[in-house]
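Turn these sequences into a full structure, and let the hints guide you.
Protein chains in written order, with our numbering: chain Y, 1 to 283; chain E, 1 to 162.
To be clear, the hints were calculated from the coordinates, so they are not data collected in a lab. Heads up, the beta-carbon is just placed ideally off N, CA and C, and yes, glycines get one too. Among the hints, a few may not be true.
Unchecked claim - Mimicking SDA-like on lysine to any residue, the simulated pairs with C-alpha atoms at most 20 angstroms apart in a straight line are:
| no. | chain 1 | residue 1 | chain 2 | residue 2 |
| --- | --- | --- | --- | --- |
| 1 | E | K131 | Y | E78 |
| 2 | E | K131 | Y | V181 |
| 3 | Y | K41 | E | Y30 |
| 4 | Y | K76 | E | E129 |
Said to hold, decoys possible - Some chain E residues flagged as far from chain Y (calculated, every beta-carbon gap over 12 angstroms):
| no. | residue |
| --- | --- |
| 5 | K15 |
| 6 | P85 |
| 7 | D86 |
| 8 | E99 |
| 9 | G100 |
| 10 | F106 |
| 11 | E149 |
| 12 | T157 |
| 13 | A160 |
| 14 | A161 |
Claimed, not checked - Calculated Cβ distances over 12 angstroms to all of chain Y for the following chain E residues:
| no. | residue |
| --- | --- |
| 15 | G40 |
| 16 | E81 |
| 17 | L89 |
| 18 | F148 |
| 19 | A156 |
Chain by chain, the residues:
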Amino acid sequence: MTVAIPQTLREALAFSSANPNAQIIQGGTDLMVEINFNHRKPTDVIALRRVEEIRNYAYTADKSKVIVGAGLPYQKMEHGEIAELFPALAQAARTVGSPQIRAAGSIGGNLGTCSPAGDALPVLSALNAEVNLRTETGSRDISVHDFMIGVKRNDRKPGELIISVTLPIIQGWQGYAKVGVRNAMVISVASCCLVVDRKLGAISVALGAVGPTIIRCRETEQWLATQIDLKSISAVAPNLLKEFGERIANESKPIDDHRSTAAYRRHAVATLSRRLLVRANTK
Amino acid sequence: MMPNTEIYNLRVNGKNHEVRDAWVGESLLYVLRERLGLPGSKGACEQGECGSCTVIMDGQAVCSCLVMAATAIDAEIKTIEGLTPDGELTEVQDAFITEGGVQCGFCTPGLVVAIEHLLDNNQSPTEIEIKEAISGNICRCTGYGRIFEAVQTAVATRRAAR
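This is the structure we're talking about:
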């Protein structure tokens, strides 16, 4: 029975390589719930709360992307530079739990748990984020689409630590919307992130909590690009907006569970995606 | 840093506390209440949804039920018991009494800690900032109106004292 509290990334990687099956704990907001309810009984634990190197963000050398540390608390994304660069991420961060949860929770934890309802995950998907994982001896980058495998399943290998996500800075519009049973402190019933890249004339739409993992609506994205000019802000005709929502709903794969019905979730993603598209095309 | 989980130290309300024979998975809430004799922080949902267990850890309001106690050995923890010396009340606690912000009282310690944290970082919070700051604390009795009044009163008392 051990608890390791590494103070540096190097120390953390040494611990995880020496004990590849140790339980990693970041903010604890997912893991401790499982432990409190006796769903998990860890013996060896590596706590990352003191690893400052992953609790920061930095621009890439060419300034086209930002590397966000896996341990940066959501609280730090609600305002300031990150919020200006990635408004959708700020909006998603703002919907995570409560101030108490946002002081602890992080993208690394969302990716580690890999729940389809993880609030930041649709944003990472819509932005085509790259996830960086490291061991003591190696480092690899993987697209977030390939990293998320299924319900609470990801591609992290024993001994690897989730270090950061790299997000491209997009010229255009981005937004996030979520439906839950109340305003604060709620796990999503359905969520949606929409990003319009005005330079490329492309749109990306990602859905949360309506499938085994985050769903990218690639068919609808390609269809919409043939219907409107995404390089400029143009009003979307009502019939087009209606069809857009229907197509998004068709790409979702929701289930009935204790939080909602599949039918309501389908309705919710149609409405959320339409709202976001209207916002994207409103000055 | 690799604490021996059979004996480790927590720094709570400015004092060092020795924790013995603990299981690694115990939450800070459990250790505070059951091992350190600090039952002020309440346990209700144990999943970070009710805020009854709110404590200040390294200057942040957090849910102590979601902190693994053995990972908090190097943290400065402040609980409801540590806000004032025994027998004295903070402006916030006093305002809860005068405004009738307490009914069953179960959520009160968590709310008081969350509000103290807000006022320590923001001397004149707006209505929306107050609502946001207590959005993680659920009260099923008062309907929040009187709690909200208590915050306004505490803000005024603190301002007058400056």
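Going through the hints against the structure:
1. Restraint check for K131 (chain E) and E78 (chain Y): the C-alpha separation of about 16 angstroms stays at or below 20 angstroms, so the hint holds.
2. Of the pairs offered as hints, the one joining K131 (chain E) and V181 (chain Y) holds, with about 18 angstroms between alpha carbons and a cut-off of 20 angstroms not exceeded.
3. With a C-alpha separation of about 16 angstroms, the suggested pairing of K41 (chain Y) with Y30 (chain E) holds against the 20 angstroms cut-off.
4. Only pairs whose Cα atoms come within 20 angstroms are accepted, and K76 (chain Y) paired with E129 (chain E) is accepted, the gap being roughly 16 angstroms.
5. Every Cβ of chain Y is farther than 12 angstroms from the Cβ of K15 (chain E); the closest lies at roughly 21 angstroms, confirming the non-interface assignment.
6. No Cβ of chain Y comes within 12 angstroms of the Cβ of P85 (chain E); the nearest lies about 26 angstroms off, and the non-interface call holds.
7. For D86 (chain E), the non-interface assignment is confirmed: its Cβ lies about 26 angstroms from the closest Cβ of chain Y, beyond the 12 angstroms cut-off.
8. Against the 12 angstroms criterion, E99 (chain E) stays outside the reach of chain Y, whose nearest CB is about 22 angstroms from its own CB.
9. Every CB of chain Y lies more than 12 angstroms from the CB of G100 (chain E), the least distance being 23 angstroms, so the non-interface label holds.
10. No Cβ of chain Y comes within 12 angstroms of the Cβ of F106 (chain E); the nearest lies about 17 angstroms off, and the non-interface call holds.
11. For E149 (chain E), the requirement that its beta carbon stay farther than 12 angstroms from each beta carbon of chain Y is met, with the minimum near 20 angstroms.
12. Its beta-carbon lying about 23 angstroms from the closest one in chain Y, T157 (chain E) satisfies the requirement of being farther than 12 angstroms from that chain.
13. No beta-carbon of chain Y comes within 12 angstroms of the beta-carbon of A160 (chain E); the shortest separation is about 27 angstroms.
14. Even its closest Cβ contact with chain Y, about 25 angstroms, leaves A161 (chain E) beyond 12 angstroms, as expected for a residue assigned away from the interface.
15. No Cβ of chain Y approaches the Cβ of G40 (chain E) within 12 angstroms, the least distance being about 16 angstroms, so the stated non-interface status holds.
16. Every CB of chain Y is more than 12 angstroms from the CB of E81 (chain E) (nearest about 18 angstroms), matching its label as outside the interface.
17. Remark: the non-interface label on L89 (chain E) is consistent with the geometry, its nearest Cβ contact in chain Y lying 23 angstroms away (cut-off 12 angstroms).
18. No Cβ of chain Y approaches the Cβ of F148 (chain E) within 12 angstroms, the least distance being about 14 angstroms, so the stated non-interface status holds.
19. The beta carbon of A156 (chain E) is kept farther than 12 angstroms from every beta carbon of chain Y, the shortest such distance being approximately 23 angstroms.
Hint compliance for this structure: every hint is met.
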